[in-house]
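Turn these sequences into a full structure, and let the hints guide you.
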Amino acid sequence: MIYGIPKTYFFVSGFSEGYTRLNAFDGALLNAGIGNTNLVKVSSIIPPHSKEIRPIELPQGALVPTAYAYVSSNIPGEVISAAVAIALPTNEDQPGLIMEYTAQGHREEIELIARNMAREGMSMREQEVKEIKSISAEYKVKKIGAAFAAVILWQ
Amino acid sequence: MIYGIPKTYFFVSGFSEGYTRLNAFDGALLNAGIGNTNLVKVSSIIPPHSKEIRPIELPQGALVPTAYAYVSSNIPGEVISAAVAIALPTNEDQPGLIMEYTAQGHREEIELIARNMAREGMSMREQEVKEIKSISAEYKVKKIGAAFAAVILWQ
Amino acid sequence: MIYGIPKTYFFVSGFSEGYTRLNAFDGALLNAGIGNTNLVKVSSIIPPHSKEIRPIELPQGALVPTAYAYVSSNIPGEVISAAVAIALPTNEDQPGLIMEYTAQGHREEIELIARNMAREGMSMREQEVKEIKSISAEYKVKKIGAAFAAVILWQ
Numbered sequence: 002m003i004y005g006i007p008k009t010y011f012f013v014s015g016f017s018e019g020y021t022r023l024n025a026f027d028g029a030l031l032n033a034g035i036g037n038t039n040l041v042k043v044s045s046i047i048p049p050h051s052k053e054i055r056p057i058e059l060p061q062g063a064l065v066p067t068a069y070a071y072v073s074s075n076i077p078g079e080v081i082s083a084a085v086a087i088a089l090p091t092n093e094d095q096p097g098l099i100m101e102y103t104a105q106g107h108r109e110e111i112e113l114i115a116r117n118m119a120r121e122g123m124s125m126r127e128q129e130v131k132e133i134k135s136i137s138a139e140y141k142v143k144k145i146g147a148a149f150a151a152v153i154l155w156q
Numbered sequence: 002m003i004y005g006i007p008k009t010y011f012f013v014s015g016f017s018e019g020y021t022r023l024n025a026f027d028g029a030l031l032n033a034g035i036g037n038t039n040l041v042k043v044s045s046i047i048p049p050h051s052k053e054i055r056p057i058e059l060p061q062g063a064l065v066p067t068a069y070a071y072v073s074s075n076i077p078g079e080v081i082s083a084a085v086a087i088a089l090p091t092n093e094d095q096p097g098l099i100m101e102y103t104a105q106g107h108r109e110e111i112e113l114i115a116r117n118m119a120r121e122g123m124s125m126r127e128q129e130v131k132e133i134k135s136i137s138a139e140y141k142v143k144k145i146g147a148a149f150a151a152v153i154l155w156q
Numbered sequence: 002m003i004y005g006i007p008k009t010y011f012f013v014s015g016f017s018e019g020y021t022r023l024n025a026f027d028g029a030l031l032n033a034g035i036g037n038t039n040l041v042k043v044s045s046i047i048p049p050h051s052k053e054i055r056p057i058e059l060p061q062g063a064l065v066p067t068a069y070a071y072v073s074s075n076i077p078g079e080v081i082s083a084a085v086a087i088a089l090p091t092n093e094d095q096p097g098l099i100m101e102y103t104a105q106g107h108r109e110e111i112e113l114i115a116r117n118m119a120r121e122g123m124s125m126r127e128q129e130v131k132e133i134k135s136i137s138a139e140y141k142v143k144k145i146g147a148a149f150a151a152v153i154l155w156q
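These protein sequences, in sequence, are chains D, A and B.
Count along the first sequence from 1, then add 1; that gives the number in this note's numbering.
Count along the second sequence from 1, then add 1; that gives the number in this note's numbering.
Count along the third sequence from 1, then add 1; that gives the number in this note's numbering.
Hint data in this document are derived by calculation from the structure and do not stem from the laboratory.
Keep in mind that this is a model prediction, so the values were computed, not measured.
Watch out, some of these pointers could steer you wrong.
A pair holds if it fits inside one copy or across any two, identical chains being indistinguishable in the list.
Stated by the list, open to error - Below, in silico cross-link-like pairs of lysine to any residue (SDA-like), each with a Cα-Cα straight-line distance of 25 Å or less: (1) K141 - P49; (2) K143 - E121; (3) K143 - E127; (4) K42 - G5; (5) K131 - W155; (6) K144 - Q128; (7) K141 - G34; (8) K144 - M123; (9) K131 - P60; (10) K143 - Q128; (11) K42 - I145.
Shown next, in the form of structure tokens:
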């Protein structure tokens, strides 16, 4: 059901050059291993007791709830990065929080900002942080490029 | 099923300061009481015979179809508002329409525009309006802030 | 289930004048025959063995996964167009790809670009193209207008 609660999650990231920005986005999804699914963008919670799994091959054309960060550029030589971070609380009956961040620049800095955002969101919830996890992608644009990072929420 | 038809709905609104715009959005969701769910943005119909309920505590991490208005700003002192309005038709076999509006300015004006938009949508459907309902949130930004108003479509 | 896989699809397109940009969007959906549903935007795959059907009347208020292109303008006299294209592979066990494109200008050119984008996406997948299908809408703005083209993913 759309009202269902995801039971597992995994991280993916990718980058690509493309014929247009949307083709670059598509290419980044392919590079991330999820290019043949229908992403449904969500804001951005890890349900309590949801388990991280290794990336799996999703059914082709499936509707897939995803929290994602995406950036594209058509400036040759520009470096772009996308990152997502998860903050998980010590209290395992509470949900985790996913944050997304993108910018020009290198992945280390962009990923750090996403991690800080996730930590800050736990602080707003007055939850102690057990762990922060994150992933990022960086791309130096040739003509038109994209970078993408995501948390897939799976059943 | 994603193809399912929501049976109930309720209004929420909120506002927040935040570390980044996305944290302010997250804070506004928390302030609205839905910060621990996965919102799925939809365009924007109240199914016929769907009933308004009081806001309920949604399951943590659930996928929640939502029509929402969201605005953020990083201009200290700026006043921002978000509103959603529903127009319900006299003919109860016809759907209601949700409209969203955001702008700088005070909630009364922004909410009135959302209400006019919903009324106008019923007029495009050649449906007589039985009732207009709405909600809004206003926020005066300190450093980075957000305002949020939504109709949750529930089962 | 949100994780379900759409089994059929159909094309729609429409355009409208409106009281605001969102009303013009709503009007374009009405003009396209899907104005009384809750569109859930997806990125953008035709599952293998999914069948094209003629446009059907969708249940009012249903949650409907849709790949769509949307453009609006408030410049009187401006011509705007929206197009979606599908590329289907020769290998029917592989998915098709939906691409969206919008711009100022006439539908023939915009639709051609969407078709080229879809072809390019098949090329990135190293899949031979069996067929390209597309639809578009064009609108000349009076005060505020919108054009819309979509592929509805249905059960």
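Taking the hints in turn, this is what the structure says about them:
In the homo-oligomer, the alpha carbons of K141 and P49 never lie at most 25 Å apart, since the shortest distance is 37 Å inside one protomer and 33 Å across protomers. Only between protomers do K143 and E121 lie at most 25 Å apart by alpha-carbon distance; the minimum there is 17 Å, versus 35 Å within a single protomer. In the homo-oligomer, the alpha carbons of K143 and E127 lie at most 25 Å apart only across protomers (21 Å), although the nearest pairing inside one protomer, at 44 Å, exceeds that limit. With identical chains, the CA atoms of K42 and G5 are at most 25 Å apart both within one copy (15 Å) and between copies (16 Å).
In this assembly of identical chains, the alpha carbons of K131 and W155 lie at most 25 Å apart only when taken from the same copy (22 Å versus 32 Å across copies). In this assembly of identical chains, K144 and Q128 lie within 25 Å of each other by CA distance solely across copies; the values are 23 Å between and 44 Å within a copy. When the C-alpha separation of K141 and G34 is checked against a cutoff of 25 Å, the pair qualifies only within one copy, where the shortest distance is 20 Å, while the shortest distance between copies is 41 Å. When the C-alpha separation of K144 and M123 is checked against a cutoff of 25 Å, the pair qualifies only between copies, where the shortest distance is 20 Å, while the shortest distance within a copy is 39 Å.
Taking the shortest alpha-carbon separations for K131 and P60, only the inter-copy value of 22 Å comes in at or below 25 Å, while the best intra-copy value is 32 Å. Taking identical chains as interchangeable, the C-alpha atoms of K143 and Q128 lie at most 25 Å apart only when they sit on different chains, with a minimum of 24 Å there against 43 Å within one chain. Proximity of K42 to I145 under the C-alpha cut-off of 25 Å is found in both arrangements, the shortest distances being 23 Å within a copy and 24 Å between copies.
Checked against the numbered hints given earlier, the structure breaks only hint 1 and satisfies all the rest.
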